[in-house]
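J.: Chain by chain, the residues run as shown.
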Amino acid sequence: DQQVKQNSPSLSVQEGRISILNCDYTNSMFDYFLWYKKYPAEGPTFLISISSIKDKNEDGRFTVFLNKSAKHLSLHIVPSQPGDSAVYFCAASEAAGNKLTFGGGTRVLVKP
Amino acid sequence: DSGVTQTPKHLITATGQRVTLRCSPRSGDLSVYWYQQSLDQGLQFLIQYYNGEERAKGNILERFSAQQFPDLHSELNLSSLELGDSALYFCASSVHNEQFFGPGTRLTVL
Numbered sequence: 006d007q008q009v010k011q012n013s014p015s016l017s018v019q020e021g022r023i024s025i026l027n028c029d030y031t032n033s034m035f036d037y038f039l040w041y042k043k044y045p046a047e048g049p050t051f052l053i054s055i056s057s058i059k060d061k062n063e064d065g066r067f068t069v070f071l072n073k074s075a076k077h078l079s080l081h082i083v084p085s086q087p088g089d090s091a092v093y094f095c096a097a098s099e100a101a102g103n104k105l106t107f108g109g110g111t112r113v114l115v116k117p
Numbered sequence: 113d114s115g116v117t118q119t120p121k122h123l124i125t126a127t128g129q130r131v132t133l134r135c136s137p138r139s140g141d142l143s144v145y146w147y148q149q150s151l152d153q154g155l156q157f158l159i160q161y162y163n164g165e166e167r168a169k170g171n172i173l174e175r176f177s178a179q180q181f182p183d184l185h186s187e188l189n190l191s192s193l194e195l196g197d198s199a200l201y202f203c204a205s206s207v208h209n210e211q212f213f214g215p216g217t218r219l220t221v222l
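Chains X and Y supply the protein sequences, listed in that same order. Sequential numbering of the first sequence, starting at 6, is according to my numbering. Sequential numbering of the second sequence, starting at 113, is according to my numbering.
Next up, chain X with everything else stripped away, as it sits in the complex (with noise of 0.2 Å):
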């Protein structure tokens, strides 16, 4: 029972251009989701989170944006850099410092 989801795999995006990851999670009691991101033989590198009270968070490059009523998050990366090569993960906690649902990634390949 795959309670976050993200139903792409892969992901090729040129240089400067908009990554658009999406999410999906069944779970209605998830309300803190973050976003991961990975680089092989190394762990997850924590990016961005939001919280179910806010529908919209940003931090430099990266914004995040909740439809709770669709149960859908995405992250944006705009503009895009070959740096951000790696593979994305999607999170959830039924509360803060509870336990993370991860979804099953989704690779990211910046073209210069």
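If you are wondering where the hints come from, they were derived from the structure by calculation, not from laboratory data. Just so you know, these numbers come straight off a predicted model, no measurement behind them. All residues carry an ideal CB built from backbone N, CA and C; glycine is no exception. One thing to keep in mind: the hints can contain errors.
As the list claims (entries may be wrong) - A few chain Y residues that face chain X, going by a derived Cβ cut-off under 7 Å, partial list only:
| no. | residue |
| --- | --- |
| 1 | Gly154 |
| 2 | Leu155 |
| 3 | Gln160 |
| 4 | Ala168 |
| 5 | Phe202 |
| 6 | Asn209 |
| 7 | Glu210 |
| 8 | Gly214 |
| 9 | Pro215 |
Claimed, not checked - The calculated lysine-lysine pairs, modelled on PhoX-like cross-linking and capped at a C-alpha distance of 25 Å, are:
| no. | chain 1 | residue 1 | chain 2 | residue 2 |
| --- | --- | --- | --- | --- |
| 10 | X | Lys43 | X | Lys116 |
| 11 | X | Lys59 | X | Lys10 |
| 12 | Y | Lys121 | X | Lys10 |
| 13 | Y | Lys121 | X | Lys43 |
| 14 | X | Lys73 | X | Lys10 |
| 15 | X | Lys76 | X | Lys43 |
Mind docking chain Y on chain X? Use the hints.
T.: Coordinates of chain Y only, in the frame set by chain X:
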């Protein structure tokens, strides 16, 4: 560098053996989490400790156990190892909402 350290980086062992994975959280973080990443299962939560006490358990096998010590470092013990236990094991720590992950231990069971 997240500030979370894990040792060893790689571990190769045989079926039936027992291993211990070690994690040191970021300074000041009271919560430690263990996750397993295998090829077919993605990142799965195993167990959480908070200030020395077990706080939450995920799909952790009975052959696996963990503890958090007074200095807040944590150990994950895996026993009677099977081929299917081969995976990346990550430790994370947090003080508020965001969890910060260590570099992981790659376990290979032959």
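J.: State for each hint whether it applies.
T.: Do the hints match the structure? See the list:
no.: 1; hint: Gly154; verdict: holds (5 Å)
no.: 2; hint: Leu155; verdict: holds (4 Å)
no.: 3; hint: Gln160; verdict: holds (6 Å)
no.: 4; hint: Ala168; verdict: holds (5 Å)
no.: 5; hint: Phe202; verdict: holds (5 Å)
no.: 6; hint: Asn209; verdict: holds (4 Å)
no.: 7; hint: Glu210; verdict: holds (5 Å)
no.: 8; hint: Gly214; verdict: holds (5 Å)
no.: 9; hint: Pro215; verdict: holds (5 Å)
no.: 10; hint: X/Lys43 with X/Lys116; verdict: holds (18 Å)
no.: 11; hint: X/Lys59 with X/Lys10; verdict: holds (21 Å)
no.: 12; hint: Y/Lys121 with X/Lys10; verdict: violated (29 Å)
no.: 13; hint: Y/Lys121 with X/Lys43; verdict: holds (16 Å)
no.: 14; hint: X/Lys73 with X/Lys10; verdict: holds (15 Å)
no.: 15; hint: X/Lys76 with X/Lys43; verdict: holds (24 Å)
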